Amino acid sequence: MVNKLDDALRFHQTALNLRAARQELLASNIVNADTPNYKARDVDFAGALRNALAGTGTELPVATTSPMHLQGNSGESVMGSPVMYRKPVQPSADGNTVDMDVERAQFADNALRYEASVRFMNEQVKQLLTAIQG
Amino acid sequence: MSLFNIFDVAGSGMAAQSQRLNVVASNLANADSTTGANGQPYHAKQVVFSVMPVDGGAAQGVKVTSVVEDNSPMKMVYDPKHPMADAQGYVTMPNVNVVDEMVNMISASRAYQNNVEVLNTSKSLLLKTLTIGQ
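These protein sequence lines are chains A and B, in that order.
Numbering-wise, the first sequence is residues 0 to 133 according to numbering that gives the first Met the number 0.
Numbering-wise, the second sequence is residues 0 to 133 according to numbering that gives the first Met the number 0.
Looking at chain A on its own, in the form it has when it is part of the complex (with noise of 0.2 Å):
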């Protein structure tokens, strides 16, 4: 039972925590708009949730060009999933890769998306309920 009740919310938890995460590289990339060289980054959601759901990480692995080179992972993880840098639309010269208006549209875009996450979990909570009450 315990179980089920796991699973039904399973979903939009691991979603929650992606959104979370997104959030907070989205905020990242606001707020070094102004820091030269620096380049803006985020992650792809819809396979970093399907890894998370899966329990499978699909790290970003490094080029090896011979047998005996080093195995290894390049760069952040997500919950599993790599941290990729955002191909830049109009670089500006001091090599910083934050394009505002698609940060800004990308960050109200997630904030409403977790917002829906959140409710479409209260939604299935009382559903709960009341298959609980009758």
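Be careful, since some hints might not be right.
[Claimed, not checked] To give an idea of the chain B side of the interface with chain A (calculated C-beta under 10 Å), a few residues:
1. S11
2. V50
3. M73
4. K74
5. L118
[Said to hold, decoys possible] In the DSBU-like style, the derived pairs of lysine-lysine whose C-alpha atoms are separated by at most 30 Å in a straight line are:
6. B:K122 - B:K62
7. A:K38 - B:K44
8. A:K3 - A:K125
9. B:K44 - B:K74
10. B:K127 - A:K3
11. B:K62 - A:K86
12. B:K122 - A:K38
13. B:K80 - B:K44
14. B:K62 - A:K38
[Claimed, not checked] Some residues of chain B that are not near chain A, with every Cβ distance over 12 Å (derived):
15. F6
16. Q16
17. S25
18. A28
19. S32
20. T34
21. G35
22. G38
23. Q59
24. V61
25. D69
26. M75
27. K80
28. P82
29. M92
It should be emphasised that the hints constitute simulated quantities derived from the structure, not laboratory data.
Since this is a predicted model, take the numbers as computed values, not measurements.
Beta carbons are placed, not taken as given, at the ideal position from N, Cα and C, and that holds for glycine.
Based on the hints, put chain B in the right spot on chain A.
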């Protein structure tokens, strides 16, 4: 909890931008200061931003690493009656470019506003999260 890290990230951004605004204010106030504590005319100052890792997670804040002096040439103004005039009658005025400083001020102010908005969004998301299951 990654949403709490956003407070640190946005807070660091606000602190850095307000320091930049402080430097702009200092430059504008001293745009005509022909002498300072060291007997030299005022030199314009600029802040240098760099990335500051925030512990726990992939979030990155921003900090002011140093305040550097602008080494562009000083303005020479012909004013023989001025007490600081040299033998040829020229006064060395600060190398403050008022137009640059005004642009810098607007940029700092907008960046600060962005950070405030990021902080408010994160706060409302956290408050929404507290209502799960109610």
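Between the alpha carbons of B:K80 and B:K44, is the straight-line distance 30 Å or under? Given that 30 Å is the threshold and the Cα spacing comes to 28 Å, the pair holds.
B:M92 remote from chain A - nearest C-beta pair above 12 Å: 28 Å, holds
Given B:M73 as an interface hint, is its Cβ closer than 10 Å to any Cβ of chain A? Constraint on B:M73 not satisfied, violated at 25 Å.
Classify the label on B:Q16 as holds or violated, using whether its beta-carbon is more than 12 Å from each beta-carbon of chain A. 8 Å, violated
Can the hint on B:L118 be confirmed by a CB-to-CB distance to chain A that is less than 10 Å? At about 9 Å, which falls below the 10 Å cut-off, the nearest Cβ of chain A leaves the hint on B:L118 intact, so it holds.
Interface exclusion of B:D69 relative to chain A, criterion Cβ beyond 12 Å: Check passes; 16 Å lies beyond 12 Å.
Would the pair B:K62 and A:K86 pass a check requiring their Cα atoms to be no farther apart than 30 Å? 25 Å, holds
Would you check whether the claim that B:T34 is not at the interface survives, using Cβ distances to chain A and the 12 Å cut-off? Since the minimum Cβ distance to chain A is about 32 Å, B:T34 lies beyond 12 Å and the statement holds.
So B:S32 supposedly isn't at the interface. Is its beta-carbon more than 12 Å from every beta-carbon in chain A? 27 Å, holds
Double-check B:S11 for me: the hint is only fine if its C-beta lies closer than 10 Å to a C-beta in chain A. 7 Å, holds
For the restraint on B:V50, tell me whether the closest CB of chain A is nearer than 10 Å. 6 Å, holds
Given as non-interface: B:V61, partner chain A, CB spacing beyond 12 Å: 5 Å, violated
This entry does not satisfy hints 3, 4, 15, 16, 23 and 24, going by the numbered hints stated previously.
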